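Same order as they appear, the protein sequences are chains A and B.
So for the first sequence, my numbering puts the first residue at 1; every next one is plus one.
So for the second sequence, my numbering puts the first residue at 1; every next one is plus one.
By construction, these hints were calculated from the structure, which means they are not laboratory data.
Treat the numbers as computed from the prediction; the structure is a model and nothing was measured.
A portion of the hints provided could be inaccurate.
To list a few chain A residues with every Cβ distance to chain B over 10 angstroms, as calculated [claimed, not checked]:
no.	residue
1	R99
2	A117
3	D280
4	G325
When the alpha-carbon atoms are kept at most 20 angstroms apart in a straight line, the in silico EDC-like pairs for lysine to aspartate or glutamate are as follows [as the list claims (entries may be wrong)]:
no.	chain 1	residue 1	chain 2	residue 2
5	B	K321	A	E101
6	B	K115	B	E88
7	A	K115	A	D100
8	A	K321	B	E101
Heads up, the beta-carbon is just placed ideally off N, CA and C, and yes, glycines get one too.
Protein chains: 2
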Amino acid sequence: MNNPVLVEVTRGPLVESRHRGAIAVVDAEGAAALTVGEVDEPIFPRSAVKALQALPLVASGAADELGLGDAELALACSSHSGEPAHTEAAASMLAKAGRDEATLECGCHWPFEVKAARALAERGERPSQLHNNCSGKHAGFVCLACASKVDPAGYVAPDHPVQETVRAALEEVTGATLTEDRRGVDGCSIPTYAMPLTCLAYGFARFGAGAHLSADYARAATRIRKAVAANPFMVAGTGRFDTRLMEGLGPRVFLKTGAEGVYCAALPELGLGVALKCEDGATRAAEAMMAAVIRRFLDLDERERTLLDGFAASPVKNWNKHDVGEIRTVGPLSA
Amino acid sequence: MNNPVLVEVTRGPLVESRHRGAIAVVDAEGAAALTVGEVDEPIFPRSAVKALQALPLVASGAADELGLGDAELALACSSHSGEPAHTEAAASMLAKAGRDEATLECGCHWPFEVKAARALAERGERPSQLHNNCSGKHAGFVCLACASKVDPAGYVAPDHPVQETVRAALEEVTGATLTEDRRGVDGCSIPTYAMPLTCLAYGFARFGAGAHLSADYARAATRIRKAVAANPFMVAGTGRFDTRLMEGLGPRVFLKTGAEGVYCAALPELGLGVALKCEDGATRAAEAMMAAVIRRFLDLDERERTLLDGFAASPVKNWNKHDVGEIRTVGPLSA
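Please model the complete structure; the sequences and the hints are all you need to start from.
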């Protein structure tokens with residue numbers, strides 16, 4: 001591995017920690033607009049490809065058949081914070097498929113959002129699978145299975161028809177070959193397939209432009225992008241990077257985080273896709289990197305630039321809320 | 001920066017993330033027993049030097065004058081998880097100084113330990129400064145001030161007599177020169193001074209051996225090490241690396257974590273000190289690195305080796321609690 005330092009964390013007069021990473025920005029023809037670091041190494045996209053994994057749900061007609069609304073479609077692409085709007089939409093999706101939370105196979109964890117977690121604890125409750133950040137994606141898988149008259153039981157297994165369909169969609173959109181030797185198990189128990197950042201960026205360029213996709217996938221991509229742009233809260237939650245950036249930039253940016261420092265984005269007006277990975281898996285660095293990449297490529301007004309600048313260089317605060325340092329992009333990503 | 005990859009995080013058949021770092025193992029004469037990466041670059045030790053920062057509390061006679069017990073001394077060296085035993089001991093230390101929580105200047109945060117945080121929320125309470133992971137160290141500063149007839153107000157400022165005394169202790173033990181141009185503000189608002197890993201390791205070799213220290217500091221170091229060895233729970237908390245390792249290895253190891261991927265340790269029977277930093281600040285990597293270093297240097301029985309092996313290579317689990325990968329030391333630290 002030979003990735004450059006792209007983010008520094010300072011404290012007082014010194015750099016305290018350093019994050020390395022790789023970035024690919026590619027157009028819908030596969031031509032590179034920016035390449036930093038080792039972009040041809042396979043990486044696990046994790047949750048960053050949820051929108052691509054949701055394509056069959058829409059393209060198959062399942063979403064229309066079950067009457068899923070835009071907020072629910074956005075939730076199908078989310079890594080949400082477990083706030084009430086999120087868990088309610090997940091429960092609603094399952095109900096439309098004639099199912100409930102017991103059909104989910106994602107496992108339980110406490111809500112990422114502190115107030116939602118505290119509220120649960122104050123009521124003496126414990127988190128359910130609906131609070132899992134992936135419950136919307138999983139509810140989408142259950143909807144796809146039920147609308148296709150397939151038993152959803154075991155839908156997380158690589159050889160279940162749902163995961164076979166999802167893998168085929170990922171292959172079609174990214175151009176990558178997703179074989180067993182590149183397969184891991186994701187945090188929510190579904191397969192995750194490693195592919196180069198160049199393939200991921202290419203896939204998101206096509207997802208954003210609707211170009212070079214089958215007619216069904218092109219329509220599905222457009223509908224998913226509109227659903228997310230209209231419901232940025234449903235994709236993440238209170239104070240989260242994805243939500244705040246898409247609230248601020250609207251449909252100019254589609255972006256999605258993945259665990260272990262991955263980010264993918266589409267910049268439809270430029271026909272570009274972005275995929276990046278922080279080598280050590282740190283989210284704080286991946287967010288700063290993505291903010292810097294968007295700032296470099298998009299033509300921004302002052303309000304938008306201020307928003308992006310605040311993420312490409314953000315304060316480190318101590319427990320008394322004083323600024324004691326900075327997380328900032330450097331090297332190829334410096335302003 | 002040119003630090004080697006020392007820890008890999010795998011998922012399925014592939015490496016998903018990589019952590020680089022630097023390690024210094026030094027004896028009480030300053031001779032290196034192991035050097036990996038850039039050990040001469042200044043790094044902020046953060047909380048890893050709390051035991052050295054507690055030396056004046058004991059050496060000055062303040063701890064004896066106020067009747068601090070071993071559990072309280074251990075808490076003065078802790079980054080604790082905010083569990084009841086921790087907050088009670090912090091309150092007790094303050095009471096012995098004729099003070100209470102209002103004198104603390106560390107700020108508030110929720111307990112690191114999930115059950116303790118949940119219990120607070122279930123009672124409708126909010127965390128106080130006693131729950132701050134540094135409250136024991138701060139209570140120690142207040143004890144030092146009060147026993148020395150110094151007003152503790154503003155004790156976190158670099159020019160307060162308490163911090164002047166603490167800085168002088170760090171300089172004496174580590175041999176480093178700690179000037180303003182290497183000073184940052186720590187998470188708990190006190191100064192943190194950057195120094196090379198070699199100086200930190202040298203300081204911990206002397207702290208562990210009691211060698212080449214003034215008679216007062218040598219006695220204080222011995223008392224602090226014994227207090228911590230007898231109370232490993234007070235230094236961290238339920239399930240934490242420091243607590244589990246010192247419970248398992250007893251006085252053979254003194255170790256302490258610091259924020260942003262720092263670890264320091266003393267191996268008294270070998271007269272060695274250890275200091276390491278994960279370049280990107282990740283705790284998961286710093287713990288694996290420290291486990292591998294201890295495993296390499298100490299002569300271990302089977303039980304001890306099994307304990308260390310479990311930290312030098314530990315499973316990554318998904319939300320359904322299945323093993324999906326591994327965090328493991330590699331390169332210069334491979335088994």
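Now the hints, each set against the structure:
| no. | hint | result |
| --- | --- | --- |
| 1 | R99 | holds (19 angstroms) |
| 2 | A117 | violated (8 angstroms) |
| 3 | D280 | violated (4 angstroms) |
| 4 | G325 | violated (7 angstroms) |
| 5 | K321/B - E101/A | holds (19 angstroms) |
| 6 | K115/B - E88/B | holds (16 angstroms) |
| 7 | K115/A - D100/A | violated (25 angstroms) |
| 8 | K321/A - E101/B | holds (19 angstroms) |
This entry does not satisfy hints 2, 3, 4 and 7, going by the numbered hints stated previously.
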